[in-house]
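S.K.: For the protein sequence lines, the chains are V and R, in the order given.
Note that the first sequence ends on residue 236 in the working numbering; no numbers are left out.
Note that the second sequence ends on residue 526 in the working numbering; no numbers are left out.
Some hints could be false.
From the derived model, a few chain V residues whose C-beta atoms are all more than 12 Å from chain R [unchecked claim]: (1) H9; (2) L54; (3) Q66; (4) P72; (5) R77; (6) R87; (7) S91; (8) D97; (9) G135; (10) L159; (11) L174; (12) F182; (13) C220; (14) E227.
For lysine-lysine, the following BS3-like pairs were computed, each having C-alpha atoms within a straight-line distance of at most 27 Å [unchecked claim]: (15) K113(V) with K396(R); (16) K122(V) with K398(R); (17) K127(V) with K396(R); (18) K127(V) with K62(V); (19) K127(V) with K514(R); (20) K113(V) with K398(R).
Hints listed in this document are in silico derivations from the structure and should not be mistaken for laboratory results.
Since the model is a prediction, treat every value here as computed from it, not as a measurement.
Glycine included, each C-beta is placed from N, C-alpha and C at the ideal position.
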Amino acid sequence: MFLDVQDMHVRYGSVEAIRGVSFTLMEKEVVTIIGANGAGKSTILKALMGINRLFSGTINTKFGGQIQNLPPHRISRLGLGYIPEGREILSRLTVEDNLAIGGYVLTDRQIFKQRLDYVYDKFPILKERRGQLGGTLSGGEQQMLAIGRALMLLPKILLMDEPSLGLAPLVVSLVFNIIKSFREEGYSILLIEQNAKKALQVSDRGYVLENGVFVAKDRCQNLLTNENIKKAYLGA
Amino acid sequence: MGLIFYFQQLINGIGLGCTYALVALGYALVFGVLNVLNMAHGDIFMIGAYVGLFAILFLGNSPILAILLSFTGTFILGMVMERLAIRPTRGTHLAPLITTIGVSIVLQNSIRITYGPEQHRMPVESAILSFGDITFPLILIINLVVSILLMVGLALAIRKTKMGKAIQAVAENAEIASAYGIDVNRVMMTTVGLASGLGGLAGVLLGMTLGSISPFIGINFGLKGLIILIVGGVGNIYGAMVTGVILGITEVFSVTFFSSVYRDVIAFIVLIIILLLKPTGLFGEKIRVK
Numbered sequence: 001m002f003l004d005v006q007d008m009h010v011r012y013g014s015v016e017a018i019r020g021v022s023f024t025l026m027e028k029e030v031v032t033i034i035g036a037n038g039a040g041k042s043t044i045l046k047a048l049m050g051i052n053r054l055f056s057g058t059i060n061t062k063f064g065g066q067i068q069n070l071p072p073h074r075i076s077r078l079g080l081g082y083i084p085e086g087r088e089i090l091s092r093l094t095v096e097d098n099l100a101i102g103g104y105v106l107t108d109r110q111i112f113k114q115r116l117d118y119v120y121d122k123f124p125i126l127k128e129r130r131g132q133l134g135g136t137l138s139g140g141e142q143q144m145l146a147i148g149r150a151l152m153l154l155p156k157i158l159l160m161d162e163p164s165l166g167l168a169p170l171v172v173s174l175v176f177n178i179i180k181s182f183r184e185e186g187y188s189i190l191l192i193e194q195n196a197k198k199a200l201q202v203s204d205r206g207y208v209l210e211n212g213v214f215v216a217k218d219r220c221q222n223l224l225t226n227e228n229i230k231k232a233y234l235g236a
Numbered sequence: 237m238g239l240i241f242y243f244q245q246l247i248n249g250i251g252l253g254c255t256y257a258l259v260a261l262g263y264a265l266v267f268g269v270l271n272v273l274n275m276a277h278g279d280i281f282m283i284g285a286y287v288g289l290f291a292i293l294f295l296g297n298s299p300i301l302a303i304l305l306s307f308t309g310t311f312i313l314g315m316v317m318e319r320l321a322i323r324p325t326r327g328t329h330l331a332p333l334i335t336t337i338g339v340s341i342v343l344q345n346s347i348r349i350t351y352g353p354e355q356h357r358m359p360v361e362s363a364i365l366s367f368g369d370i371t372f373p374l375i376l377i378i379n380l381v382v383s384i385l386l387m388v389g390l391a392l393a394i395r396k397t398k399m400g401k402a403i404q405a406v407a408e409n410a411e412i413a414s415a416y417g418i419d420v421n422r423v424m425m426t427t428v429g430l431a432s433g434l435g436g437l438a439g440v441l442l443g444m445t446l447g448s449i450s451p452f453i454g455i456n457f458g459l460k461g462l463i464i465l466i467v468g469g470v471g472n473i474y475g476a477m478v479t480g481v482i483l484g485i486t487e488v489f490s491v492t493f494f495s496s497v498y499r500d501v502i503a504f505i506v507l508i509i510i511l512l513l514k515p516t517g518l519f520g521e522k523i524r525v526k
């Protein structure tokens, strides 16, 4: 198992936001967690990154062992690349400095340069805008920068939190095309989405989260044809 | 009382202003990065002056050595304070205000009890430099050069160095910075250390320029630094620098033209006018409240 989460519980004060979820991710697999606003999707990702502490449960990775008690900067160095909800670009730093923050732990200038070229190669628009302040980019460009920033450390798993949120329809398609191409390249991705239909179309397996617990899990083609899921999440 | 006199006063004002600016810079750095008002900053300034005094008394009359030691000493003091008094309160707003007031009380009284509450003379060699008719005490020139170098150096370091970029990233969004491998605790500790080092250095520079210090100089300078922070635009280091120099010049000239009795009155009128014209502070920007 590449990533194995067992019985995760997360609390905010006395409120239990995640009430015992277990899920797995294989190498080169794309797994999506869908659910309504407030179901707890982002909380799961933040708990994986160590930003939210687990109340109980374990998180095992093939490449870094148990990580549930590590601080975020150690988890990121082990190979989890985080693409946060709302992109969270550092608005007062330039595009290139934002990428430099993504590659902050790289001490070898040669390797740093290679990764920067790799990201610029994937998103040429970022190279064009390298000297511009992050806050001046359009929503789509910011999303590419957020993805590029996470790629700087060549993460073993990409954690994407609502990458299509707040983007124009055309840009949403662009973002899902990027995810598709990453999938073909063999990235392992955990995708959190409100846009259930599109998320299920680009993923291998899906989990459905309601009020902090999974109410369904299956291969995506089965979820896409499941009547209950269709009614509740796919608007059909 | 010709032009030369006013020129000398202007330099005096800039010298005092640089001290204010260095103090305010410390507040701005800590507030910008940790979102904490460090109420002990004025007393770290005072400790810096005393470290300098002890260096001069026991290690010989070298202003440069005194400056280096007080910077290093207060840098370490700041890091210890972050670890013991600020980090445990992370995530709360009022607690660090109280804990740093506690640190301030401890610092002030530890000097008062061990060394006495009175004014202490700072025996610095006061060589006079003269350029034609214009004369300056050497120490004022050292004060100016060191302060300006430090401020320029800090501004460059924050923009260009890796640690500087990490500090900017943590200031804007600590959660995100940590998710990309930046050790936020280390960055915050370094920031408080740096801010305290600047404050301590301002203390020893002021002590040497004035020639005497007391355990209570931190109260006045701490308060003025705080006011400069607000007038300059909270958390903005350039605002802190410019406003500090404006305050220094205003104070010196209000003594020159009126009387020392009105010094603070006139200085604060100027600052209030700035705030009336620009309520966000000189370099402040409106921010969105989440």
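S.K.: Now tell me, hint by hint, if it's right for this structure.
M.R.: How the hints compare with the structure:
1. H9: 20 Å, holds
2. L54: L54(V) clear of chain R: closest Cβ-Cβ about 16 Å, beyond 12 Å.
3. Q66: Holds, because the least Cβ-Cβ distance between Q66(V) and chain R comes to about 19 Å, which exceeds 12 Å.
4. P72: Label violated. Min Cβ-Cβ 4 Å, cutoff 12 Å.
5. R77: 5 Å, violated
6. R87: About 10 Å separates R87(V) from the closest Cβ of chain R, which leaves it inside 12 Å; violated.
7. S91: It is violated; S91(V) is separated from chain R by about 7 Å at its closest Cβ, not greater than 12 Å.
8. D97: 6 Å, violated
9. G135: Its Cβ does come within 12 Å of chain R, the nearest being 10 Å, so this is violated.
10. L159: 9 Å, violated
11. L174: 23 Å, holds
12. F182: 19 Å, holds
13. C220: Non-interface label stands for C220(V): nearest chain R Cβ at 27 Å, farther than 12 Å.
14. E227: 38 Å, holds
15. K113(V) with K396(R): 17 Å, holds
16. K122(V) with K398(R): 25 Å, holds
17. K127(V) with K396(R): 19 Å, holds
18. K127(V) with K62(V): 34 Å, violated
19. K127(V) with K514(R): 38 Å, violated
20. K113(V) with K398(R): Holds: K113(V) and K398(R) sit about 15 Å apart, inside 27 Å.
In summary, the structure is inconsistent with hints 4, 5, 6, 7, 8, 9, 10, 18, 19 from the numbered list given earlier, while agreeing with the others.
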